[in-house]
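Asks: Sequence:
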Amino acid sequence: KKTRVALDASLARRDTGQGLVGSSKQSTGSYKSLVEPSVFNMSLLLPPTLAFLQRLKTIVPPGSDLATSTLTTFLDNFLVNVFQPQLDETLSKLSDSVFGEADSFLQDQTWKQVAPRPVFKGATQFFQIVTAFCKMLGTIPPDQALSSLIVTQMMRYHDRCFTWYRSLVTKTQDHSEDANNLRASARFSIQPGPLQD
1 KKTRVALDAS
11 LARRDTGQGL
21 VGSSKQSTGS
31 YKSLVEPSVF
41 NMSLLLPPTL
51 AFLQRLKTIV
61 PPGSDLATST
71 LTTFLDNFLV
81 NVFQPQLDET
91 LSKLSDSVFG
101 EADSFLQDQT
111 WKQVAPRPVF
121 KGATQFFQIV
131 TAFCKMLGTI
141 PPDQALSSLI
151 VTQMMRYHDR
161 CFTWYRSLVT
171 KTQDHSEDAN
181 NLRASARFSI
191 QPGPLQD
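So for the sequence shown, my numbering puts the first residue at 1; every next one is plus one.
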């Protein structure tokens, strides 16, 4: 009965925000977030969780009814069913915001800080997304499905740049005019070939 009272007291402290997060100027029932809820912060949460699970595997006796593979099942399910879809959605939204900017194909005024030659503002912003994603991937176990998410966004960015290039080099033509009258760059953009692949 003492254990139950102690457990109830600790739950009461946690429910009022006085448990693990402290009680500094918080109203009843609120919690202070220790880590901002973002998929990019998974790199802060996953390594300690994996270390805990590895330690747990060493503690479980070899003859126990609990199979060591079941210890990580919940984490595997979380990564596949929750984390990966949220990461895909977040990457898509961030990429869409870069692709949709009106000035994404204007020269970045601070290009000297990021490249040896002038680059577009959109390229700088997209590179920041890719860099943040790769830093996060470097802290979690390798997974091809997660890596393919950024490759998909890179292909989308390529398509967006190619569409912009095509609209830049081709001019509005009457349907009666021949495609041979187009400049070479415009012909390259509309003909099938290595640029299209």
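The hints are simulated quantities; they were obtained by calculation from the structure and are not laboratory data. Computed from a prediction, not measured in an experiment: that's the story for all the values here. Mixed in with the good hints, there may be bad ones.
[Claimed, not checked] Between beta-carbon pairs, the in silico distance windows are:
(1) Leu66 with Pro142: 25 to 33 Å
(2) Thr110 with Thr49: 12 to 20 Å
(3) Thr70 with Gly29: 32 to 40 Å
(4) Lys112 with Leu34: 31 to 39 Å
(5) Ala132 with Leu50: 30 to 38 Å
Each residue gets a CB set at the ideal place from its N, CA and C atoms; glycine is no exception.
Asks: Compare the structure with each hint and give your call.
Replies: Do the hints match the structure? See the list:
| no. | hint | in the structure |
| --- | --- | --- |
| 1 | Leu66 with Pro142: 25 to 33 Å | 27 Å, holds |
| 2 | Thr110 with Thr49: 12 to 20 Å | 38 Å, violated |
| 3 | Thr70 with Gly29: 32 to 40 Å | 34 Å, holds |
| 4 | Lys112 with Leu34: 31 to 39 Å | 38 Å, holds |
| 5 | Ala132 with Leu50: 30 to 38 Å | 21 Å, violated |
Hint violations for this structure: numbers 2 and 5, all remaining hints satisfied.
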